[in-house]
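Residue numbers (the numbering used here), protein chains in the order written: chain A, 1 to 410; chain B, 1 to 85.
Among these hints, one or two may not hold up.
[To be verified] In silico DSS-like pairs for lysine-lysine, Cα to Cα no more than 30 Å straight-line:
{"hint": "1", "chain 1": "B", "residue 1": "K32", "chain 2": "A", "residue 2": "K16"}
{"hint": "2", "chain 1": "A", "residue 1": "K61", "chain 2": "B", "residue 2": "K63"}
{"hint": "3", "chain 1": "A", "residue 1": "K10", "chain 2": "B", "residue 2": "K32"}
{"hint": "4", "chain 1": "B", "residue 1": "K80", "chain 2": "A", "residue 2": "K60"}
{"hint": "5", "chain 1": "B", "residue 1": "K31", "chain 2": "A", "residue 2": "K24"}
{"hint": "6", "chain 1": "A", "residue 1": "K10", "chain 2": "B", "residue 2": "K80"}
{"hint": "7", "chain 1": "A", "residue 1": "K308", "chain 2": "B", "residue 2": "K80"}
{"hint": "8", "chain 1": "B", "residue 1": "K31", "chain 2": "A", "residue 2": "K40"}
{"hint": "9", "chain 1": "A", "residue 1": "K322", "chain 2": "A", "residue 2": "K337"}
{"hint": "10", "chain 1": "A", "residue 1": "K24", "chain 2": "B", "residue 2": "K32"}
{"hint": "11", "chain 1": "A", "residue 1": "K271", "chain 2": "A", "residue 2": "K296"}
{"hint": "12", "chain 1": "B", "residue 1": "K32", "chain 2": "A", "residue 2": "K220"}
{"hint": "13", "chain 1": "B", "residue 1": "K32", "chain 2": "A", "residue 2": "K58"}
{"hint": "14", "chain 1": "A", "residue 1": "K60", "chain 2": "B", "residue 2": "K32"}
{"hint": "15", "chain 1": "B", "residue 1": "K80", "chain 2": "A", "residue 2": "K24"}
{"hint": "16", "chain 1": "A", "residue 1": "K16", "chain 2": "B", "residue 2": "K31"}
{"hint": "17", "chain 1": "A", "residue 1": "K61", "chain 2": "B", "residue 2": "K80"}
{"hint": "18", "chain 1": "A", "residue 1": "K16", "chain 2": "B", "residue 2": "K80"}
{"hint": "19", "chain 1": "B", "residue 1": "K80", "chain 2": "B", "residue 2": "K31"}
{"hint": "20", "chain 1": "A", "residue 1": "K61", "chain 2": "B", "residue 2": "K32"}
{"hint": "21", "chain 1": "A", "residue 1": "K40", "chain 2": "B", "residue 2": "K63"}
{"hint": "22", "chain 1": "A", "residue 1": "K10", "chain 2": "B", "residue 2": "K31"}
{"hint": "23", "chain 1": "A", "residue 1": "K42", "chain 2": "B", "residue 2": "K63"}
{"hint": "24", "chain 1": "A", "residue 1": "K138", "chain 2": "B", "residue 2": "K80"}
{"hint": "25", "chain 1": "A", "residue 1": "K58", "chain 2": "B", "residue 2": "K63"}
{"hint": "26", "chain 1": "A", "residue 1": "K343", "chain 2": "A", "residue 2": "K271"}
{"hint": "27", "chain 1": "B", "residue 1": "K31", "chain 2": "A", "residue 2": "K58"}
{"hint": "28", "chain 1": "B", "residue 1": "K63", "chain 2": "A", "residue 2": "K24"}
{"hint": "29", "chain 1": "B", "residue 1": "K31", "chain 2": "A", "residue 2": "K378"}
[Claimed, not checked] Rough simulated footprint, nothing fancy, chain A against chain B, three-plus residues with beta-carbon under 8 Å:
{"hint": "30", "region": "4-18"}
{"hint": "31", "region": "31-39"}
{"hint": "32", "region": "63-69"}
[To be verified] Some, not all, of what chain A presents toward chain B, calculated at C-beta under 7 Å:
{"hint": "33", "residue": "I20"}
{"hint": "34", "residue": "A35"}
{"hint": "35", "residue": "R37"}
{"hint": "36", "residue": "W41"}
{"hint": "37", "residue": "L45"}
Hints listed in this document are in silico derivations from the structure and should not be mistaken for laboratory results.
Note that the coordinates shown come from a computational prediction; the quantities given were computed from them, not determined experimentally.
From the three backbone atoms N, C-alpha and C, an ideal C-beta is built for every residue, glycine too.
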Amino acid sequence: MKWKKFGFLKHYKRIKVEGIQINKVINQCIRTGIALRNLKWKGPLESTMEVQAEDYQKLKKLAGHSYRFTTIHDGGVIALFHSAKANILTLTGTFLLGALLFYQSLFIAEIRIEGYRSIGETELRQALEEAGVQEGAKKRGDYKAVKQKLYENFDQLTWVDISENGRLLEVSVAEAGRQEAAEENGQKPVHIVAEYSGTIERILPLQGNARVQKGDYVNKGDILISGRYRYQSSDYSKGDDYFDFYSHARGQVLAKIPVQKCWCFEKNTRKKVPTGRFVAGIYLRVGDLELDSTAKFANYKAAVKTEKTVFQVTRLLPITLKLLKVEEVTLQENPLKTAELRKVVEAEIRAYEKETLGKDEGVVNYDITYTESQGLIKADVLMEVLKEIGKEKPITIKKEKKSAKPEKNQ
Amino acid sequence: MSIREDLLFDFAVNMPRILVTGRTTVLDNVKKLLVLTEHEIVVYNGQRYTSVTGHDFVVTRLKEERMLISGEVEEIRFFKALQTD
């Protein structure tokens, strides 16, 4: 009886009553305290009404055999549960679909980067990936660490905003504008000065006066192309005095500079020799769940793992399927031969040339000295490098003063 | 209202008491339902009869001698005894 007040909410029946003088049934309900709801007159012999499920049998008994009762609809919480029980498969499917939709919404499907100019999108994506943000990665909500990483990687970034828009991650950046700075600098009067000491090999002034020529030895800081001109005025208002005119010096200055490098190598080289034993398997990742079938079986001391991606999607859910092969290897040590060592050092020089030097620059000559210590071979390389040594240096303009005779341009 | 009138109003359990607000009508002290159609409802209150006429009548609730009627009310009449044709 405690639940009586929740009767209709708990379980009710919409019934159709057919018979002569339905008022009698209703009056029975009034007398015995059976609550009725939505009582509708349909005709002299028919009415519909709602009655609590627990009163239904009582009502039928009171009415006797003179009336026909038909249940049209079952309502309330209990009926809802019964209906749910009958449609368990549909409900389970709906729940699973909902769960899947919710789960897939926890992952990033797309990253959109806006606002970059001098930095490449690939570089930004690379930096984001290093910080753990990529398509298929889990959403975080807090991207402070990622922002910090971007600021550390790219000095020119002044502002970074990362926001989630559903499964889309929007990364907006603003740069201090190296380009803007360069444009601004394009108007500033500057000299081209030597960044390193060396012997001039080629000088090509595009704007300004060349102050050195091929074969000259310059020290660090010497002016190579001057941005200052001295001219004699032909303006009547100024008279025929000499004045300075400043410009933004531009040009290319290549010089041979000495560069010393040192690389250390192990005396012995290690080689991985396959034993012929291997374990093949699969790697499956669905969302956060990972399965590596080789993890338990490939208990080798030393092994080489190769993998081939068969299937990879980030939408609707990040799913990756890879084929794995774990090969057992033994490690063999061989002493490094002189010819091999020279090849390795030359490869390092080429790598240095490729990474550090520009288009017209290069290593002209080099000399290698080997020194041996315990377990290591040290290669000291003295290189003659053809390098662009011109560097812009802003000119501090003093108040214009006229002079009677021409000066050497500086 | 005086206290006597108040008490009479509250404890007159055999007399008609009706409240009409827009399309909702509350009819108290319903002892017996005599007529129920879409256009007319007649009830017995113990000493008097109440007739409500209008249209689109639906008894939204009937519990503990209180009847809630939804529909447009046009006329309310009270009888001492049922009229004979």
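Can the restraint linking K32(B) and K220(A) be considered satisfied, given a maximum Cα separation of 30 Å?
Violated: K32(B) and K220(A) sit about 116 Å apart, past 30 Å.
Holds or violated: A35(A) as interface residue toward chain B, Cβ cutoff 7 Å?
4 Å, holds
For the pair supplied as a hint, K80(B) and K24(A), is the alpha-carbon distance within the 30 Å limit?
22 Å, holds
Given the hinted pair K58(A) and K63(B), is their Cα-Cα distance within 30 Å?
16 Å, holds
Does K31(B) lie within 30 Å of K16(A) when you go C-alpha to C-alpha?
23 Å, holds
Distance restraint between K80(B) and K60(A), which requires alpha-carbon spacing of 30 Å or less:
It is violated: about 33 Å lies between the C-alpha atoms, which goes past 30 Å.
Is the hinted pair K60(A) and K32(B) satisfied, with a Cα-Cα distance of at most 30 Å?
Satisfied, since the Cα-Cα distance of roughly 19 Å is no more than 30 Å.
Within a Cα-Cα threshold of 30 Å, do K80(B) and K31(B) meet the stated pairing?
15 Å, holds
Quick one, are K61(A) and K63(B) close enough, alpha carbons at most 30 Å?
19 Å, holds
Hint check, W41(A) versus chain B [nearest Cβ-Cβ separation less than 7 Å]
Holds, because the Cβ-Cβ distance from W41(A) to chain B comes to roughly 5 Å (cut-off 7 Å).
Is K42(A) within 30 Å of K63(B), Cα to Cα?
21 Å, holds
Are K31(B) and K24(A) close enough, with their CA atoms no more than 30 Å apart?
Holds, at about 12 Å.
Of the numbered hints listed earlier, those contradicted by the structure are 4, 6, 7, 9, 12, 17, 18, 24, 29, 30, 33 and 37.
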